[in-house]
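Colleague: Here the protein sequences come in this chain order: A and B. Letter 263 of the first sequence, counting from 1, is numbered 263 in my numbering, and no numbers are missing. Letter 240 of the second sequence, counting from 1, is numbered 1240 in my numbering, and no numbers are missing.
Since the hints were derived computationally from the structure, they do not count as laboratory data. Glycine included, C-beta positions come from ideal geometry on N, C-alpha and C. Certain hints may be false.
[As the list claims (entries may be wrong)] Derived lysine to aspartate or glutamate pairs resembling DMTMM-like cross-links, with alpha carbons at most 20 angstroms apart:
id	chain 1	residue 1	chain 2	residue 2
1	B	Lys1107	A	Asp183
2	B	Lys1117	A	Glu211
3	B	Lys1094	B	Asp1114
4	B	Lys1117	A	Asp183
5	B	Lys1107	A	Glu184
6	A	Lys279	A	Asp183
7	A	Lys288	A	Glu200
8	B	Lys1120	A	Glu45
9	B	Lys1047	B	Glu1015
10	A	Lys324	A	Asp183
11	B	Lys1105	A	Glu184
[Claimed, not checked] Away from chain B, derived, C-beta distances all over 12 angstroms, residues of chain A:
id	residue
12	Phe33
13	Ala35
14	Thr52
15	Glu105
16	Gly133
17	Lys157
18	Gly221
19	Thr243
20	Leu257
21	Gly259
22	Glu304
23	Val311
24	Thr313
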Amino acid sequence: MKEVITLAHGSGGRKTSELIGEIFRKNLGNEYFTADDAAVLPRPEGRIAMSTDGFIVSPWKYPGGNIGRLAVCGTVNDLACMGAKPLYLTCSYIIEEGLPIEDLELIAKTMGETAREAGVNIVAGDTKVAGKGQVDKIFITTAGVGVIGEGINTSGKFAKPGDKIIVTGDVGRHGTAILLARDEYGIEADVTSDCAPLWEPVRRALEVCPEMHVIRDATRGGVGTVLYEIADEAGVGIRVDRTSVPVAPEVSGVTGLLGLEPLYLACEGRMVMICPAEKAQAVVDVLKGTKYTEGATIIGEVTEDETGRVVMTTEVGGQTYLPKPGNELLPRIC
Amino acid sequence: MTSINSTADMRNFLETYDGPSVRIMEVCGTHTHEIFRQGIRRFLSPKINLISGPGCPVCVTPAAYIDEAVYLALEKGCTLTTFGDLVRVPGNVKSLQQARAEGGKVKIVYSPIDAEKYAKDHPEEQVVFLSVGFETTTPSDVIAVKNAVRDGLDNFSLLTANKTMPGAYEAMASSTDAYLYPGHVHAIIGTKLCRDLAERGVSGTIAGFTGDELLAALAVTVKNVSEGKPFFVNAYPRVVTDEGSPAAVALVDKFMKSCDAEWRGIGVIPDSGVELRDEYAAYDARKKYSVPKMEFERKTACKCGIVLQGKILPSECPLFGKACNPDHPVGACMVSDEGACSAFYMYGGQS
């Protein structure tokens, strides 16, 4: 019989220590990782960014990743959006009684690998076990601290008319992969999640363009929602050329069948960057040469007119508003 | 594939057209949605008027049909299986969403074939599939019944409101100069009907669904209308053949027979629907559960009826964008993405 998580694993006693030692320390361990009540860390120079994010994706494992990779990338990418090099993460697990230990081990292993890839240390954690049915298998919350490079100031409100809008790769992959993994539609297609840690591409983009105005990761709600948020926050209009928005053929096949807009499907490894027009090509060029952002491209620009709106230039040269995000977005996508 | 240059040419023709005024009615919800999504209306010459006709199955389903479904869920304890859009359509008394909140079982499926499977797996439930749609979806409704016969199910039936286009084309001919015929309907029923209609003075073009295909079909239609003679053009030959799909037609014919049908906002059109033949009455929810005639009437200022006939634009309805919006639809045209009001709202920057 498979070994499973029981309420005893969350009791704080011997079973909890075993779990920490055999699963978490083994997979996540680094010089700062602590079993004490708090991690003790060297103070970074400069301004720090701090962020937290909870992950409840269903199913927890899907083509291209699992909730562990998502939990690391989600917080790392949130920090990167502020131009912050991610330094430390904490993670809190809420596990449903009965989860096979090998599943937890796979999740922890993935988190360790992803954290090393992202150059971040997981320094503290917490484990709680909830009764059957009180949680769906496993929920993870991560919090992170990063240090912001000198002179870097990014925010949705800094978008300015004339700026170019870049996406760092094809859109809608994660949402489509999850949707297919749920197997509710009877559609089979080879779509993998784009989930990836993006500090390295952001770092390089900021090297060529330290005056970057906006970086935002297009998670829940996808690129479309991000564009409407920025239009609103900065009081500008946004014009997007639909034909230049990269969508993988297998993604557009699925979204076409189901009547979904790829711009509103979640990504977990894509950033929207907005920078002065004269730097846009240099940013795209450096992104194209960096892992996970090879598909970077300019999709549009910020305008003075059409405040608060996203205008699309269509395949036949027509113009239309991108419909605002509806209420049909998929639940539990991340 | 058409080259970029000819897209520009077609667009230029449609933008600068200055002949006699042309009214074109699209009778396919997917066309309506795609025309908006491509921003085509915005660059058309003012001499070209597009009318979003009755081509979205959810939009033409009468409120009394929703009342029947609510009756089956709440009075008869049936499990309703349906496409998602229908759940939000207001009936005269309530929507299926409200019926569900009151304890009715309403399950969303993506195909009638899944509904039949559900019935097979849940013999303790009486499962009814809400069978709405046109020639394109009726064959799969019929396959579900065929499967139920095969599986010997006595807990699966259809509440039919299946529509057929030919009767509607003639009934609405005075509202338009030409139809943009729905490509997928004619992929099933073929083109003979369109040729016959042209002989009786009703014109139209079968259109595909990409931006280029729509531009080509619109350009051909405008050109022919301006020349003044009745016409028919198949501008979607890569999918639509003259004979259509005889297998699908024969399959439907085996299980279904023609009937008069009520179209929301338009009224009863003779021979514009299909229902199950008498030998399959056991799979006809209306007969199986002796559903009484629904006589409720709801007073509303909703103008969906005349929107569907192309007499007013959605934005001319007093409720549009105010009391009626996609979050709180008053009329069916605001429910489905393919509805004229919904498309107008979403792509018109109303929100």
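Colleague: Could you check the structure against the hints above and give me the numbers of any it violates, in ascending order?
Modeller: 2, 3, 6, 8, 10, 19, 20, 21, 23 and 24
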